[in-house]
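2 protein chains.
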Amino acid sequence: MPFATLDDLRAACRALPHGNEQAAAAATARQNNLTKPPGSLGLLEDLAIWLARWQGRERPRLDRVSIVVFAGNHGIAARGVSAFPPEVTAQMVANYAAGGAAINKLAAFAGAKLDVVPITLDRPTADFTTAPAMSAEEFLKAFDIGFRAVEPGTDLFAFGEMGIANTTVASALCAALLGGGGERWVGRGTGVDDAGLVRKREVVDAGIARHRGILGDPLAVAVALGGRELAAMAGAALAARIHRVPVLLDGFVASAAVLPLARLAPGVLDHCRAAHASAETAHGALLDALGMTPLLHLGMRLGEATGAAAAMLLVRAALACHNGMATFADAGVAEKI
Amino acid sequence: MPFATLDDLRAACRALPHGNEQAAAAATARQNNLTKPPGSLGLLEDLAIWLARWQGRERPRLDRVSIVVFAGNHGIAARGVSAFPPEVTAQMVANYAAGGAAINKLAAFAGAKLDVVPITLDRPTADFTTAPAMSAEEFLKAFDIGFRAVEPGTDLFAFGEMGIANTTVASALCAALLGGGGERWVGRGTGVDDAGLVRKREVVDAGIARHRGILGDPLAVAVALGGRELAAMAGAALAARIHRVPVLLDGFVASAAVLPLARLAPGVLDHCRAAHASAETAHGALLDALGMTPLLHLGMRLGEATGAAAAMLLVRAALACHNGMATFADAGVAEKI
Numbered sequence: 000m001p002f003a004t005l006d007d008l009r010a011a012c013r014a015l016p017h018g019n020e021q022a023a024a025a026a027t028a029r030q031n032n033l034t035k036p037p038g039s040l041g042l043l044e045d046l047a048i049w050l051a052r053w054q055g056r057e058r059p060r061l062d063r064v065s066i067v068v069f070a071g072n073h074g075i076a077a078r079g080v081s082a083f084p085p086e087v088t089a090q091m092v093a094n095y096a097a098g099g100a101a102i103n104k105l106a107a108f109a110g111a112k113l114d115v116v117p118i119t120l121d122r123p124t125a126d127f128t129t130a131p132a133m134s135a136e137e138f139l140k141a142f143d144i145g146f147r148a149v150e151p152g153t154d155l156f157a158f159g160e161m162g163i164a165n166t167t168v169a170s171a172l173c174a175a176l177l178g179g180g181g182e183r184w185v186g187r188g189t190g191v192d193d194a195g196l197v198r199k200r201e202v203v204d205a206g207i208a209r210h211r212g213i214l215g216d217p218l219a220v221a222v223a224l225g226g227r228e229l230a231a232m233a234g235a236a237l238a239a240r241i242h243r244v245p246v247l248l249d250g251f252v253a254s255a256a257v258l259p260l261a262r263l264a265p266g267v268l269d270h271c272r273a274a275h276a277s278a279e280t281a282h283g284a285l286l287d288a289l290g291m292t293p294l295l296h297l298g299m300r301l302g303e304a305t306g307a308a309a310a311m312l313l314v315r316a317a318l319a320c321h322n323g324m325a326t327f328a329d330a331g332v333a334e335k336i
Numbered sequence: 000m001p002f003a004t005l006d007d008l009r010a011a012c013r014a015l016p017h018g019n020e021q022a023a024a025a026a027t028a029r030q031n032n033l034t035k036p037p038g039s040l041g042l043l044e045d046l047a048i049w050l051a052r053w054q055g056r057e058r059p060r061l062d063r064v065s066i067v068v069f070a071g072n073h074g075i076a077a078r079g080v081s082a083f084p085p086e087v088t089a090q091m092v093a094n095y096a097a098g099g100a101a102i103n104k105l106a107a108f109a110g111a112k113l114d115v116v117p118i119t120l121d122r123p124t125a126d127f128t129t130a131p132a133m134s135a136e137e138f139l140k141a142f143d144i145g146f147r148a149v150e151p152g153t154d155l156f157a158f159g160e161m162g163i164a165n166t167t168v169a170s171a172l173c174a175a176l177l178g179g180g181g182e183r184w185v186g187r188g189t190g191v192d193d194a195g196l197v198r199k200r201e202v203v204d205a206g207i208a209r210h211r212g213i214l215g216d217p218l219a220v221a222v223a224l225g226g227r228e229l230a231a232m233a234g235a236a237l238a239a240r241i242h243r244v245p246v247l248l249d250g251f252v253a254s255a256a257v258l259p260l261a262r263l264a265p266g267v268l269d270h271c272r273a274a275h276a277s278a279e280t281a282h283g284a285l286l287d288a289l290g291m292t293p294l295l296h297l298g299m300r301l302g303e304a305t306g307a308a309a310a311m312l313l314v315r316a317a318l319a320c321h322n323g324m325a326t327f328a329d330a331g332v333a334e335k336i
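Going down the list, the protein sequences come from chains A and B. Numbered according to numbering that gives the first Met the number 0, the first sequence terminates at residue 336, and the numbering increases by one at each position without gaps. Numbered according to numbering that gives the first Met the number 0, the second sequence terminates at residue 336, and the numbering increases by one at each position without gaps.
No lab work stands behind these hints, which were simulated from the structure alone. Values in this document were obtained by computation on a predicted structure and should not be read as measured data. Wrong hints could be hidden among the right ones.
One copy or any two copies: either way a pair holds, since identical chains are not told apart in the list.
DSBU-like, lysine-lysine: derived pairs with alpha carbons at most 35 Å apart [claimed, not checked]:
id, residue 1, residue 2
1, LYS140, LYS335
2, LYS335, LYS112
3, LYS140, LYS112
Make the full structure from the sequences, and use the hints.
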């Protein structure tokens, strides 16, 4: 296990490698010579330069693109906070294995390898309204599973999640670390009704009240109010940073999972871009808090890395232009007057 | 030529085939049975249903996807309204033929056949500040070129343009048909400086003043203030509607090109979706006037159908989910409580 204690993890977040600004500058210069008005490909130019920065290559590549979906179960599911019963977590894991879920189709279309990692689904976290969701050891074990899921040399990475009740967990992390309570951070998730929405808010507020003493410590919050699949996503995000692998952040739960890292030290998520703004009410506010601008606004709210996979298409489009277009000189096209 | 007179064209816009609501309803029902919370794929669900409606199939296909870029030259280019010299139109057409432009890369990645149709580049339209840009006959000839560019049985179509000075033309069409003058509708196009921006506004206002008498007639406006590549795009849009081919509208110039059709009769563009909101200032207001919500917001402003090609990736992603995902029953996943 790379991090034996939470303090080891805290220390790692203070000594991270940075992007390659020389490669980014070379990629920027290349963009300005391609046969188009400078800047006219908008975010597609930014994405190519972002890849160049983190891959350390003027002309990046997307040969090894990887998506990992982590699954976990949650004690608070028993509190009626989801529109679906908790057995759906394992049923969807089986659906991924059979190739029938949205992420199977989107990952294949985006040219990404898909791995699904269920984490002790038969052992949900504790109900965080009555106890810490996990012990520090359980958290670190799940974090490590995510950390090991990122292979060095990956060109682009994304993670996603499946876990009935985990939008409530994500809301609890946001409320704990950003303030505002259930009122501010709870949305309908997979589609709870009005009564379910009230229950979700109450559960979040009860969790915050129960763990009032540790709210100033981002990792303690991730342990007490988080979940195994969220811990694994945080582990994957940190591993990607250590290996300088660019990451597309999926939706609300994935973004909430890495919030504790962002609160540990500034810049920990500099290698990440928000793939999309989901329809989950609080996702926009969470991305604002993370200082991230989403690439897509498609009203998606499925999780399982589907938003990230959709954004991968844009990244591939960006790279096709960046690596493949002719320069003004190549093509004999007159430049700007 | 399918339309011998402008009146023939007007009549055609009043007798158009509609989408297949039965196929759309079947596709909607299918979406609600797939293994995801209903609605959770957001716009990806809408896009699949849109394809179903216009293709008339519960499970649409994207085997024949086509992009056509029309190119034209403009008398008003001599007025210093562009950051690039007018010879760039022909140079970019050569670049398309050589495969070096952004649209070459994006069309290939989107799995679309790309055709480029230059329209009498050696004969620019007249300067609309002093004369009508075209005669009705010239307009109809260009319209016909676009009309014939859409093959019946195409599964998804997009058109784009290349024509130095054509954002000024597009602004003139908007100002003529929607009001507000150059101030409201002129932006920087390929990147004119402040003085160029002032010239663009003056040229638009002079054009409106010169043709004051015909501003109530959308087709007369397209003749007097338009351009050949814009006429061709309008022709392609109408042909697509007649053949029930769904269309992704590209950026500001492509959207302005079809505005006269939209003003002829309500619903003419029901088969079109706006691919993106470009960085060209007035595009958002134009899409509002067309009653369209853009799929992407990437800050692109290149034209040549690049925004439409990017959106095609989303349409393909939508269809991969729609046609490929398992249903709740197939996968043995519990439905919503």
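Here's how the hints hold up against the structure:
Taking the shortest Cα distances, LYS140 and LYS335 sit within 35 Å of each other only across copies (32 Å), while inside one copy they are farther apart (56 Å). For a Cα distance limit of 35 Å, the shortest separation of LYS335 from LYS112 across copies, 29 Å, qualifies, whereas the shortest one inside one copy, 42 Å, does not. In the homo-oligomer, the alpha carbons of LYS140 and LYS112 lie at most 35 Å apart inside one protomer (24 Å), although the nearest pairing across protomers, at 50 Å, exceeds that limit.
No hint from the list above goes unmet by this structure.
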